[in-house]
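Q: Given next are the chains, with one letter for each unit.
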Amino acid sequence: MESKEKMDDGSLIISNLNVYYSDMLAVDKVSLSIPKNKVTSFIGPSGCGKSTLLRALNRMNEEIEGCRMEGKIIWKGMNILDPKVDPVALRSKIGMVFQKPNPFPRSIYDNIAYGPRIHGINNKKDLDAIVEKSLKDAAIWEEVSDRLVESAMGLSGGQQQRLCIARALAIQPDIILMDEPCSALDPIATTKIEDLIDELKKKYTVVIVTHNMQQAARISDYTGLMYLGKLIEFGETQQIFENPKDELTEKYIMGRFG
Amino acid sequence: MLGKSNRAYSNGKNPFHKKVDFKETLIVKLIFIAASLAIVVSLAILYTLLNGSIEFFLSPKVSILQFFTGTKWTPNGTDPSFGILPLLSGTVLIAGGSILIATPLGIGAALYLTQFSNKKIGSIAKPIIELLAGIPSIVYGFFALIVISPILREYFGASYFNAASAIIVMSVMILPIIVSVSDDSLRAVPRELKEASLAMGATRWETAIKVVMPAASSGIIASILLGLARALGETMVVALAAGNVARLTLNPLDQVQTMTAYIAQVATGDIPPGLAVSAAFAVGLVLFAITYIINFIAGRVVLRIQNAGKTASNKNKKLNLKKSLKIGKDTKILSSLNTNIEVKKIQSETTLGFRHKVAKVGIVLVGSCLIFASVFLGFLMYSILGQGISRLNINFLTSYPSANPAIAGIYPVILGSIYLVALAMIFSLPVSVGAAVYLTEFSKDNTYTRILRRLIQNLAGVPSIVFGLVGLAVFVRLFGFGTSILAGSLTLSLMIMPVIIVTTEEALKAIPMSFREAARGLGATKWQTVRHHVIPYALPGTLTGSILALSRAIGETAPILFIASVFAKVAPDSIFDGFLALPVTIFFWTRHPKVEFQNLAASTILVLLIILFAMNLLAIIIRQRSQANRDW
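Line by line, the protein sequences are chains A and B. FYI, the numbering for the first sequence is 1 to 258, going by UniProt numbering. FYI, the numbering for the second sequence is 1 to 632, going by UniProt numbering.
Hints were generated in silico from the structure; no laboratory data involved. Some clues are possibly wrong.
As the list claims (entries may be wrong) - Think about it this way: if two alpha-carbon atoms lie no more than 20 Å apart in a straight line, the pair counts; the simulated DMTMM-like pairs of lysine to aspartate or glutamate are:
1. K72/A / D9/A
2. K120/B / D128/A
3. K93/A / E506/B
4. K444/B / E349/B
5. K100/A / E194/A
6. K136/A / E342/B
7. K345/B / D128/A
8. K119/B / E65/A
9. K345/B / E132/A
10. K360/B / E62/A
11. K360/B / E63/A
12. K76/A / E349/B
13. K120/B / D86/A
14. K345/B / D126/A
15. K100/A / E349/B
16. K344/B / D195/A
17. K120/B / D9/A
18. K194/B / E63/A
19. K202/A / D174/A
20. K36/A / D146/A
21. K210/B / E150/A
22. K126/B / E65/A
23. K194/B / D110/A
24. K84/A / E342/B
25. K245/A / E233/A
26. K194/B / D9/A
27. K36/A / D198/A
28. K125/A / E342/B
29. K345/B / E62/A
30. K93/A / D174/A
31. K345/B / D110/A
32. K36/A / E236/A
33. K202/A / D186/A
34. K124/A / D110/A
35. K344/B / D126/A
36. K210/B / E63/A
37. K251/A / E233/A
38. K119/B / D198/A
39. K344/B / E132/A
40. K526/B / E24/B
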């Protein structure tokens, strides 16, 4: 009964997911469910498949030639890997923030307005409201409100990344995927993003991939450890870090490999 | 202890003191001179154009004001008039018209190749674009006059010679430049930008048009400028198809004369010597100035793109530093999601169907640019094969030219072209390789080196007909070589040297620095290092580049139009003899009113294309061999 409820309230249920790059198996039979309005993080050494798993959730993997996905990801009662599901429509509901801040080389305003514009909002007033709200929600409004027309390339790395989060919020998604969003940032900027993620989970489901175990421990409600394409262990963050069931998880958390 | 070590140098020579190696110094001096030839060649171009122009403008029949503002260009007759505006309008009409067609086609094809095609389509399309780039302009000229022009006459009432046929054919000729430069700059757009757009639910079409294309805009502009410069400097298509009457008109169905076509007209001896000939130098000067400026701007744009990555990251670093100093102040962070701004709900479903339709239509449109290029290539090959295959037999290859088309052959023509290119290779290869070795291995980054590099880059963009004028003024007249194969091959050498230098430099730069360091670490001198550990590895790359440069030289018509003979019946015996050459023979036979000779031109084109194909194949084989044998 409870699992049925979960299925309908917008959690992501992944079952037997395989992702191949040509012949290489990058994600190997992964099954788990990502709960709604929580922060779920995936940790693991480089090349373990955590980013590939994340990019399966909005089918960004399809943009890589030779990539193939098997299995199911159920969200709102549909399998989002089904070829009938339009990735364009899907991505307008599942936003993504990337490892390196990637603002478009245009104004701050136009960066935020890009998404709403392509999704059919062209009224200046509506756009203004969305831009302001998105920037406020991403906690960067105060720093940029007086220079919205300036190029986003002039912002600092941390500001650029918060701008990218604001840009993802502007399309009004239900889920936000973050692929090592702090790995290119200094500690102060990282703290700001982490605080922001904590705020975001009130309204959004956040899935984050991180290299940094401490970060996962600080910000996430659920944590999964991946290794060589397999999901080694998944559970509540506190349990994973204080009482890991798997020996490999324990080793990884103790810093003895990876 | 001290005394002992002193005794070791008792012959008075400390082995650690610098010695002067005479041979090495000489070699470095020689390749320095080779690189400095760029200055000599540039000066030769300036000398040629200025000397001829001064002679022209000093004539009492000419005024500079009238030259630049006059609307009549009638160089013949008793009362000649030299107003360049008709030549300019002809040039602008044809270059502008072809750039208007080639720009959307080229950008479309590049967009399709970089954003929408898969590897399979790419592997078919790339050779098609390369083929279009490798076909000599004389072949395009033949196609314009013999195939396209009759169609325009039939259906649009165009005159026998017309601008439109030249515009159509030239737009395909410059297409490869636009495609390849745009392609490079579109590929250089960071993947992250594309992904950012896709992840927000943009279609691939929207991503390509709204994100990737704007980010590559400066490279695309450069590609258009480079295409334009090529169109302005192109000679053979316009000389054959557009006509020889300078008219102040923008009607593409009319015949017009371009600046290059006028110079070609002088070169082919259609104009009696005198003022009309020196006018060609003045026209050449104007042409040189225009293409120089356009190439200069395009070069700056390309340079800006190449440096963009470095300077941007530097700028960011500086900004980051500034920002991080400020950060202490605004620690009052994090407003929250409580901001209650009412925003309009995005209803992406309502427009989704329409957006997908737009994407589909767009992708089909840009894809059809590639299809157009392929169809054009197919049509060109088909027409030439159809017209030329019947005469392509052993008799044709072994007989001499004749006024009787039934028995005419191209034996001395083939020999002439082979001698010409072999000599050009002998002249240009050592000098170019020497110059490239100096520039990459020995030169210091100072003003002189920068000037040399800039000059070499500029020389690569000089219209080929201008080299024809240089050959005439310097080798034929000043050096007194006459219209000999020596003068012809020297002229071609000037033209291909920049190409060989650039490809050799690339081959040298590809050799890992560690090779040089290993040799220097063992005590090898700089020259020994280069001689034993750099040049041998760069040789295949150099050879490939040289063969490709020669294959360009063998198809070039304009530079030797002043020099090659039309009627010589035999192959040259010495380097001071006159000679026939394939492209020049094609030119005259294409212009011949008798259709039998036009067919012979097609047969000769086939021979030329087969030679080109063989040379390219050789280059590919060398490249693949060297890559297979390479173990680093």
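Q: Which of the numbered hints are not met once you compare them with the structure shown?
A: When the structure is compared with the hints, numbers 2, 3, 4, 13, 15, 16, 17, 20, 24, 26, 29, 33, 38 turn out to be violated.
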